[in-house]
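Trainee: Going line by line, the protein sequences match chains A, B, C and D.
Quick note: the first sequence uses this note's numbering, first residue 925, plus one each step.
Quick note: the second sequence uses this note's numbering, first residue 925, plus one each step.
Quick note: the third sequence uses this note's numbering, first residue 925, plus one each step.
Quick note: the fourth sequence uses this note's numbering, first residue 925, plus one each step.
Do not take every clue at face value.
The calculated DSSO-like cross-link candidates involving lysine-lysine, where the alpha carbons are at most 30 Å apart (straight line), are [said to hold, decoys possible]: (1) Lys-1133/C <-> Lys-1133/D; (2) Lys-929/B <-> Lys-929/D; (3) Lys-1043/C <-> Lys-929/A; (4) Lys-1033/D <-> Lys-1133/D; (5) Lys-929/A <-> Lys-1044/A; (6) Lys-1133/A <-> Lys-1133/B; (7) Lys-1043/C <-> Lys-1133/C.
No wet-lab data here; the hints were simulated from the structure.
Here the structure is a predicted model, which is why all the values come from computation and not from measurement.
There are 4 protein chains.
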Amino acid sequence: MTITKIRAAIVGSTGYGGVELIRFLLEHPNVEITSVISSSSSGERVAAGYPHLNEIMTQNLDGIDIAQIAGNADVVFTATPSGVSSKLVPQLLDAGLKVIDLSGDFRLKSSSSYEQWYKKEAPQPEYLEQAVYGLSEIYGEEVARKTFIANPGCYPTATLLGLIPLLSAGWIDHRTIIIDAKSGVSGAGRGTSLLIHYSEMNENFKAYKVNRHQHIPEIEQTLSEALGEDVTVTFTTHLVPMTRGIMTTMYATLTGAYTEEDLIQLYRQYYEGRPFVRIRDAGGWPATKEVYGSNYCDIGFAVDQRTGRVTIISVIDNLVKGAAGQAIQNLNLMMGWDESVGLTRTPVYP
Amino acid sequence: MTITKIRAAIVGSTGYGGVELIRFLLEHPNVEITSVISSSSSGERVAAGYPHLNEIMTQNLDGIDIAQIAGNADVVFTATPSGVSSKLVPQLLDAGLKVIDLSGDFRLKSSSSYEQWYKKEAPQPEYLEQAVYGLSEIYGEEVARKTFIANPGCYPTATLLGLIPLLSAGWIDHRTIIIDAKSGVSGAGRGTSLLIHYSEMNENFKAYKVNRHQHIPEIEQTLSEALGEDVTVTFTTHLVPMTRGIMTTMYATLTGAYTEEDLIQLYRQYYEGRPFVRIRDAGGWPATKEVYGSNYCDIGFAVDQRTGRVTIISVIDNLVKGAAGQAIQNLNLMMGWDESVGLTRTPVYP
Amino acid sequence: MTITKIRAAIVGSTGYGGVELIRFLLEHPNVEITSVISSSSSGERVAAGYPHLNEIMTQNLDGIDIAQIAGNADVVFTATPSGVSSKLVPQLLDAGLKVIDLSGDFRLKSSSSYEQWYKKEAPQPEYLEQAVYGLSEIYGEEVARKTFIANPGCYPTATLLGLIPLLSAGWIDHRTIIIDAKSGVSGAGRGTSLLIHYSEMNENFKAYKVNRHQHIPEIEQTLSEALGEDVTVTFTTHLVPMTRGIMTTMYATLTGAYTEEDLIQLYRQYYEGRPFVRIRDAGGWPATKEVYGSNYCDIGFAVDQRTGRVTIISVIDNLVKGAAGQAIQNLNLMMGWDESVGLTRTPVYP
Amino acid sequence: MTITKIRAAIVGSTGYGGVELIRFLLEHPNVEITSVISSSSSGERVAAGYPHLNEIMTQNLDGIDIAQIAGNADVVFTATPSGVSSKLVPQLLDAGLKVIDLSGDFRLKSSSSYEQWYKKEAPQPEYLEQAVYGLSEIYGEEVARKTFIANPGCYPTATLLGLIPLLSAGWIDHRTIIIDAKSGVSGAGRGTSLLIHYSEMNENFKAYKVNRHQHIPEIEQTLSEALGEDVTVTFTTHLVPMTRGIMTTMYATLTGAYTEEDLIQLYRQYYEGRPFVRIRDAGGWPATKEVYGSNYCDIGFAVDQRTGRVTIISVIDNLVKGAAGQAIQNLNLMMGWDESVGLTRTPVYP
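Produce the complete structure using the sequences and hints provided.
Mentor: Spelled out as structure tokens, the structure:
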């Protein structure tokens, strides 16, 4: 049996999301990268800005040319910044391309919410409506029927996979959800700033955008949909002196006397057959390095009898399950392939 | 005016707490280190195990000899492990020495609580009663009247300084307190283990002892005393890939429509005249590196109108304000000196 | 065309070399891991000590049983410590197994040199003679004819690939070779010690074993063989506060007025057709992260007209090209497969 | 006895050199900081850009006004970039101020050499001639007679203190000197760039400016002066994933059969009475963390009988002995004070 490879273009290839897509797609048996696109560095060798790609990617970066992309590709990954995708994606969709967008532009169903949190003009509603929110384990069936995916943010991925089974089951009080999130620095991208200057960030731990992070509405929208009722959360983001990895430590009040074993069983059933969510045994909280470089989301629990609260710990690699990996997982689902094709990497440890 | 220096002995000088005491006491104008004691390395040069002390500390480590200590010292800092202090301190007190104990052995007023959380036999009650819990900004007046200090733990210091003003003012609901704590690795001490092996901890972020950390009863005891009512908290500890620094991110539901400015004013009044607590302006959350190597505790706030919760961020250097620095601050208070003598170090930045 | 997979056993699976072999072999299309062996943790789940392998490796660790190994495997990777391999490998060879040994026990052809540098009893000469030194790009043809490989050390791999073309060409004076080597901490293994305790190694840079590292005779033996004359080098090792990566910065006096372009051309010819050695363009010195997690060795040059010296910079991932990756490359060569099968991973960046 | 404090101004207070001067001068008993100057951020609070200085430095940044500086200060530290100092310092000198310049502008006696290596116009020769190169342990007597100090670079400080005694004694062949230098990232300053972006530099080790670093002529000039003959060296610079610390590993061929003990004795005599150079016992090579935050330079040796070479390892904190600390040491010498006044900090360990 021969599979004709589909042709993929990557727009925004000079960012970390783009370069991580390259790393995974290069070994995807069903995909051929036909164009690597950057508006800012068009004409340069891909490896010029990323020497680790020497002799691996020998082509040059292309500029953005919709007709050319439409001629060369079947699917486009847009790893472009918020505010750029909103303008680019409609043109790609109109040209008949499948699109997986890694920006935040098409995740929020409410334009006003988008404009409030992103401080940018929302995309046109007709395109917004076409998008499915690509949290693969939750919306996989819808992904399979669509051609335009709004790929989830890194924090929401770790958060939602950790909360939805409990919330859907009615085992936690949705008014009590507090999410304390910690991210490696690569989540802030490759642009330079004092915040992520090495000497400022090394041997340091920082909170930022407390209560103001643009991933909050995306989390609340999805939790509300899961529960069928409005959910508002407290969400804090911190930067950890490491490159990759997100941990979300989540707190909620249990609605009954559930044990850790109950929770473990609930989650294992919920994610049965889904290869990328791993539920830890009782007492075994996951560490971020245990998913490093891989598409896994590992989840562990602690139930505190004294307070009646559950603590849920969820970890991902922000650039993989939180970005490029999940994008490819969505491509797989969209194409009707096994969702793990090209993604079965063992975490890099140590 | 001449101050006769007091003579200090340090027991447990091969641990990080002990060596940090040395760093500060060496420049304390009113203190002379007369003996540096280690049961395990007695007879070796102090600098043998700590080459950074070459030509600075030229003496040898002494063994533990109560009579000798009593002859050479006025005050003893016991930077010994839990379970060791409980046996050693009574002998030092009986010998008429002032004692500042950095272990957890004398912090809990309830012997049963100690035995439950520490899994060790509690010290004799008569000695327990003599101890004052040395959270300098809160119990400073009592410290000034005592000769035996149970120096607080690192997590409790950051937590309590961040919570007590709000709790005492009745501005938060004590049943809603959640503390998400993150610590640099030096808090785990100098003993080797896989948990803090470099290759395991670098580029990693880990949760540990969730709901089981032995600092929980110390936090609850002090909050309960501050409120006059039993307080139970949710408390999670994480290891950050850095050496020094603690951040506690704390959540609670406000009992009224307090603004960030209200909180800032409350805290600035509460800590007025106390040089080591710095309250940040609105929007200015502290990072751990901003107190690195110093005795400061920096605190910032975010009030979320959407959820009615406050997020309090408190940072310290775990080895200074969380251990050796506060111990010296307590010595200063005990001796009637300005509490900042010998401690006015600017944080090391970057 | 169907390839019958060969069956591989890994002895020493609780060390970093062993676990890295697992990571690569799991995706090797021609290899099946049939046994994962640890003398110390036999009976435990593989994933118990390495939670990143949860749901990936579900079997238990086997104990060492030569007959059982011989029944289940065609090839054995011995990722055992020096002094253990010397006793184990002869039994495996006698049982008719192919062996790739990652320890230093069979690398030195001189037993007295082994005993001088390793302070251990040398293996029996008859087994020593069977071994080929598996520096794949240099001894690949001999590897292809053998069934027992002494896999090179991490430092020697980076060093020798960087020096041999120049030395063989007679372009450098062999009496002037100085090698300044820097390694990530994982090279020191998973055993705990104060040297690699996180708080001791973080934000620190250390020299160790200066002029005494056991990789020195291995480097000299191979250089001497390449030159046909005794070569003695100065070799210094340092630990870098990072987990993976080795850089060797090497100095030698040029025997003629060679330019950087001359050197680049020499090396590209020397390594033509070898996929894992990448020679940088002039001015483009490689950084360790640019080979992270991959089997590449990247090499760059600087010629100093002022001193007549060349500076050669060579980087590898110590656990891949410096251990597990090269071991698999040698298996590929031994089996007559393309040397890159199962090893074509793009470096993990950032 | 009362010492009237001298008044100090710091120009360039928003860089790491400037802020480190503040840290030390704040505790210098004989110095009062009267003005903290930044051309770019004039009018802002000092602590706005450096929150660790909250409540410690409450004043605002001044702009550059020569007359005002001359009215308020006795000595000026210019922690300004190369090319800025060359224009600013002459004005300060003309205004009668003592000047300690931390840039590279006045270190090279040859204007053509300056212009070749710095690619900038050299300062006017009349001012160049007034400057003394402030390597305190070597030129301390001249410093004591001058009012204008060109403070040495960080790499040259570690290098020269490690080489000069051996070179002056004639124990090494000056044609064989190779210097392999490694620096923490703070040496690159606070300006943002991709090179020192956290995600690019973390878990990475990089060579840069090989054979081209602007500190080369400064090293050669000083070694040539020490020897009385032209010295040319090979000098390589690397960035280490840590914030502070420099190690220079230096190689040279010995001219006789000197032992490590001979070298140790030579150096201890050479630096007798100088508190900031510490010579390690045989086998005890210093690590960078052992001088962290302090003004020490620690030096160790390895003599290799096999090659006849010595390996010299020298470590400093690049921001202290390599910049601000040595600047203050020079002020002390210039003022006739003990050279250690205000500088007797114990290294911060761990």
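Trainee: Each of the hints needs a verdict: does it hold here or not?
Mentor: Right, here's what the structure says about each hint:
no.	hint	verdict
1	Lys-1133/C <-> Lys-1133/D	28 Å, holds
2	Lys-929/B <-> Lys-929/D	26 Å, holds
3	Lys-1043/C <-> Lys-929/A	56 Å, violated
4	Lys-1033/D <-> Lys-1133/D	22 Å, holds
5	Lys-929/A <-> Lys-1044/A	37 Å, violated
6	Lys-1133/A <-> Lys-1133/B	28 Å, holds
7	Lys-1043/C <-> Lys-1133/C	14 Å, holds
The earlier numbered hints that this structure contradicts are 3, 5.
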